[in-house]
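Protein chains in written order, with this note's numbering: chain A, 10 to 238; chain B, 10 to 238; chain C, 10 to 238; chain D, 10 to 238; chain E, 10 to 238; chain F, 10 to 238.
One or more of the hints may lead you astray.
Per the computed footprint, the stretches of chain A lying under chain B, defined by three or more beta-carbons under 8 Å from a beta-carbon of chain B, are [what the hints assert, rightly or not]:
1. 28 to 39
2. 169 to 177
Partner residues are not named here, just some residues of chain F that face chain B (Cβ under 10 Å, in silico) [claimed, not checked]:
3. VAL24
4. MET115
5. THR123
6. MET126
7. CYS133
8. PHE146
9. SER193
10. PHE196
11. LYS197
12. SER218
13. ILE230
14. VAL234
15. MET236
Keep in mind that the hints were calculated from the coordinates and are not lab data.
From a predicted model like this one, the values you see are computed outputs, not experimental measurements.
The C-beta atom is built at its ideal place from N, Cα and C for all residues, glycine as well.
There are 6 protein chains.
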Amino acid sequence: MRIDEMTAIQFCKAVENDPLVIIPLGATESHGPHLPLGTDTFQPEYIIAEVAKRCKNVLIAPTLPYGQHSTARNVPGTMDISFDTLRAVIWDLLNALMRHGIRRMMIISGHAGTSHMVAVTEACREVAEEYDVDITFFSDFQIADGYKDVPKGDGHAGFIETSRMMHIRPELVGAERPKGSYKSFGFKVIGDASECMPEGVVGDTKNSSAEHGKNINEFIIKEIVRMIG
Amino acid sequence: MRIDEMTAIQFCKAVENDPLVIIPLGATESHGPHLPLGTDTFQPEYIIAEVAKRCKNVLIAPTLPYGQHSTARNVPGTMDISFDTLRAVIWDLLNALMRHGIRRMMIISGHAGTSHMVAVTEACREVAEEYDVDITFFSDFQIADGYKDVPKGDGHAGFIETSRMMHIRPELVGAERPKGSYKSFGFKVIGDASECMPEGVVGDTKNSSAEHGKNINEFIIKEIVRMIG
Amino acid sequence: MRIDEMTAIQFCKAVENDPLVIIPLGATESHGPHLPLGTDTFQPEYIIAEVAKRCKNVLIAPTLPYGQHSTARNVPGTMDISFDTLRAVIWDLLNALMRHGIRRMMIISGHAGTSHMVAVTEACREVAEEYDVDITFFSDFQIADGYKDVPKGDGHAGFIETSRMMHIRPELVGAERPKGSYKSFGFKVIGDASECMPEGVVGDTKNSSAEHGKNINEFIIKEIVRMIG
Amino acid sequence: MRIDEMTAIQFCKAVENDPLVIIPLGATESHGPHLPLGTDTFQPEYIIAEVAKRCKNVLIAPTLPYGQHSTARNVPGTMDISFDTLRAVIWDLLNALMRHGIRRMMIISGHAGTSHMVAVTEACREVAEEYDVDITFFSDFQIADGYKDVPKGDGHAGFIETSRMMHIRPELVGAERPKGSYKSFGFKVIGDASECMPEGVVGDTKNSSAEHGKNINEFIIKEIVRMIG
Amino acid sequence: MRIDEMTAIQFCKAVENDPLVIIPLGATESHGPHLPLGTDTFQPEYIIAEVAKRCKNVLIAPTLPYGQHSTARNVPGTMDISFDTLRAVIWDLLNALMRHGIRRMMIISGHAGTSHMVAVTEACREVAEEYDVDITFFSDFQIADGYKDVPKGDGHAGFIETSRMMHIRPELVGAERPKGSYKSFGFKVIGDASECMPEGVVGDTKNSSAEHGKNINEFIIKEIVRMIG
Amino acid sequence: MRIDEMTAIQFCKAVENDPLVIIPLGATESHGPHLPLGTDTFQPEYIIAEVAKRCKNVLIAPTLPYGQHSTARNVPGTMDISFDTLRAVIWDLLNALMRHGIRRMMIISGHAGTSHMVAVTEACREVAEEYDVDITFFSDFQIADGYKDVPKGDGHAGFIETSRMMHIRPELVGAERPKGSYKSFGFKVIGDASECMPEGVVGDTKNSSAEHGKNINEFIIKEIVRMIG
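Next comes chain A alone, as it looks inside the complex (with noise of 0.2 Å):
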């Protein structure tokens, strides 16, 4: 099921089966005082597996742990890419996938920036336009959002990241429960826009629990496998 674990004969029988491939999009990225730099990577890793097991016919290809930052990028621990060089990754690994017969792709990403979800979208149209395949992509915190107990205003390594990984990785998430909120400068474009986030939080995660977040993650699982079908 991991691509990574198989041999290539046990690949080539596999795309017989016009297999779905999930590529997890993972980042390295502060995540507040309290959670791992590989939140983002944790994330989708985790559902992604869950969903392999419940779908037939998936294939989980090898993690890209590192994306585009905004905000985050010069906050310490940060480790990204640009706009361009995600891009051109992105169209490199769908060529790869489809070199070898692969139709049925899906993306999707622990990380949510606009600028970062914009050069993984305009790399899979690319593709989309040019050849007749398949091609998913979202993040995996953008449905997370859609949960019925999500605090107004919950967002990077808010009540959302800390409950889910306090029930996928308890062991890494510090004691802290900060509380931190964007600030908006409008429409200015500021150069350092690490002054957007200044608690490097943005929600109140005072009442996150693994318990939500076993909830929240269950809830993005049966979401995708519902996409999937």
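Once you've looked at the hints, dock chains B, C, D, E and F against the given chain A.
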């Protein structure tokens, strides 16, 4: 020790000690009938984890599991990124680390294809030319090649890699023990370079064993530990 | 006030006062059966002319009447430039202004497509990261959306745009009052995204009126005047 | 007739007749002490509007008011885009038109700098090499130069341009009637090429008049009408 | 005097005198039925060798025998590099020379096509804008054109080039003395621009002679010697 | 036989026989205290001229005398072009030849630096992947290395190159017979790689002789003649 498992605060503290950051550079590449597609990822990941245990002050960045491939590009299962993309990713990652104060960086690649190595080297050199930082780059395969018991002409998916994988991830190694050789076209530039590796394997895997693998891995680890000093 | 109507000498004198330069960013895009292709050009041009009348020390740069389009790209009449081209034009123009001593710049776009906005934002950010200048960027549509009487789900060529055009250029507005909606494909990346807008219109234009248009335009103008301070 | 004033439906109908689309290519460039920065925009816009009145089946695309500048680049008021950006914009626009079925395209540039002209030509040529379309490109200044009464050595912001602007937009023409000449540095490549135009004007504007301007404009219009046939 | 014939030590010594480095820019281009494809290489090479004999302190860089071609691109024998490639090569070479302390550089091109000249000029200008160096660039054909006895309308592979080659490399000049003219398509952009030169020759070669060639070459040499001062 | 000495008509005739075109790829690079900067140009030029004499149906393209350099980049006299530029030139030249019907191409490089070789290889491979043509690429140094009397560890400006130049252009070889070695920095990426070659020479030139040079050159020529078949 793993950057993705550290919080931003832990990362900051670690940076104060002028740590060495090691970036594992994996690959997703066809590796004969018997080895998994992630062979070039699992090998450096294992080695680097061991190195980090034995050296102080080492941080491990998230693994980039994709590289540039020429020979195996068209062989099923290979997911390659282009020369330019690989060069760009590495350039971005080195610059991201430097932005946060890292001055010592090491990239260890599982894959050792010539173009792949040059793509990474070019990115490293560009950075080294401009900044006063310490960058080291090699493939663990280059070191493995110095191990005493390696049969002559061993290469891709051969004795070394089979033995090492039998030690690292035995459950992923198939029962086949193929034998093959690199088919030289002299200096002719081959459009589909997979013709150069008709059996998908270079070397004879007959005598591969977990014990050899353990020894080779240990040999590599010691060499890198020595290198770090 | 309009840069293209000033001589070099008048421009120099104006620069001494540290003026705000506004770049109108238009678009040439299919806008339903009833609105002209220049809708996204005429709207910000009108707004900006009014803003410049009410604020001191504002210069208006020539309108760039082309933007990046995804959804309407294949719909007849859309003349698009690519993401990379748009980003390059904006970067060039900001740098040209800075070369002549301008330190305060505002870009107001009629079109508000996500990729289009990111292309411009990326160019602005690159400049803002490197230089100590004041750059503001938004679409007047983003502001219009805050107007009280906007029907829910109004969008491209809908109530807002129809009303505004009935106020600004009534002679260019056709008699049709179409109704349409955005057809979601979820997270699927659509090669020909025009499928997402089967009627070419998002929203119900039935209640559009020049009066509403006047009010919305006034609402936007006041907001921008307030923003400029 | 103006694409930005047509609806998509009107545009579609117009395309059925295999129309000629003219793209006015303006510029925002210092033009001596007396002419407005938009001189190279106003001239082709005027000409093209007249041509379209006298020819059937002509559509006018929105004016691109920015070009590439070498000599005037550093002179206050010049807003330039780079060679590569200009080439990209033109390529994009020609392709956008072709996507909608346009097969006859004409670009008329107000500015006539050598690099500027080559940037546009290279884009046109790339398209003409690949597709069977009819592309024409020139500067109206190239035609004006053939007018009988032009003083020898007339050029940038000189007799021709002053006269033409006195006819087209007299209210924007200042009272000065400067005289200047191109200062040759032979084949030396000058970093700041504004040294080549110390007075900012090439030629003697003393005898400029609206009547001359009218005649020159008429001369150009007739020539283009003849060209279109 | 020829850089390729000097050792690094001789080069270093020469640099101490602040020498002028001349880069011969040749071309490999169809030149009518009678002239060799290297005509645009042999001409500047000859001229530059003579200039270097008569001036002190001149170094000759190795000839780049490839340029950008539009008209002759599709004519058999033309080996062209693209606009961007040519620009990049020239930029690289100027920077390489500057890295070693060269501050005076001259590029003399045999080919004089407009785009070719602009490609080189753009590279030179970029360098001249950034560094305080002395760069001169021209085609020897531009100078030859000033020779008194040149028939009107002489151009590619015509009287000038035939005569010059009869002087420089008579054994390479065929017996034909063709006559041809540039076929103008007005401002139409021609996909295959070879249509513009149906005879492959512009001008009448009837009166070409080695003596004329000798005189023209001498005329050019003297002019360049004068230029260098 | 030399393309630059052929007319277009002679070239056309030659193409009818499906000739092999050899592109000599030289370099302008510091070569110790005793060898000229054009050493890597003179060597392949000599070899190729001899090969062409002994084989039928071979055309020699004009020499490109510039390559990519890492180690010698900062050593006085080296004129390098970048990796990307070199790749682009080669791609352009191969495509130009193919446009005129050439289907068999060979590139012989004097310089054999790893990145340089990969830059050319990548261009060749891109062409070979897309078209059914026959491309061969190597450095004559790679072949020379197989000559029987080469001292161990001989390299840049060492025994082989000194001997070969003593045979080819004895008048350009200085009296020094330096000795030096490659200073390894292991896997460290060195910003100024000239540190790796402190003496500017790799090997001992003491026993170099014109006779050895003649033998080595003959060895190479025969090998290439054999290769062409």
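Here is what the structure says about each hint:
For the segment 28 to 39 of chain A, the stated coverage by chain B is satisfied: 3 residues place a CB nearer than 8 Å to a CB of that chain, which reaches the threshold of 3. Figure legend: the segment 169 to 177 of chain A, annotated as covered by chain B; annotation inconsistent (0 residues with Cβ-Cβ distances under 8 Å, at least 3 required). Given the 10 Å rule on beta carbons, the hint for VAL24(F) is violated: about 21 Å separates it from the nearest Cβ of chain B. Annotation: interface hint on MET115(F) holds; nearest CB of chain B at approximately 8 Å, less than 10 Å.
About 6 Å separates the beta-carbon of THR123(F) from the nearest beta-carbon of chain B, less than 10 Å, and the hint is met. Because the closest C-beta pair between MET126(F) and chain B is about 8 Å apart, less than 10 Å, the hint holds. Taking 10 Å as the C-beta cut-off, the interface hint given for CYS133(F) holds, the closest approach to chain B being about 4 Å. At a threshold of 10 Å, the smallest CB-CB gap from PHE146(F) to chain B is about 6 Å, leaving the interface hint in force.
This hint is violated: SER193(F) has a C-beta 12 Å from the nearest C-beta of chain B, more than the 10 Å allowed. The closest approach between the C-beta of PHE196(F) and any C-beta of chain B is roughly 4 Å, which is under the 10 Å cut-off, so the hint is satisfied. Satisfaction of the interface hint for LYS197(F) is found here, the shortest Cβ-Cβ separation to chain B being roughly 5 Å, below the 10 Å cut-off. Contact between SER218(F) and chain B, as hinted, is not supported at the beta carbon level, the nearest pair being about 28 Å apart and thus beyond 10 Å.
The interface hint given for ILE230(F) is violated, since its Cβ lies 15 Å from the closest Cβ of chain B, which is over the 10 Å cut-off. Taking 10 Å as the C-beta contact cut-off toward chain B, the hint placing VAL234(F) at the interface is violated, the least distance being around 14 Å. A distance limit of 10 Å between C-beta atoms decides the matter here; for MET236(F) the minimum to chain B is near 7 Å, and the interface restraint holds.
Of the numbered hints given earlier, the model fails hints 2, 3, 9, 12, 13 and 14; all others are met.
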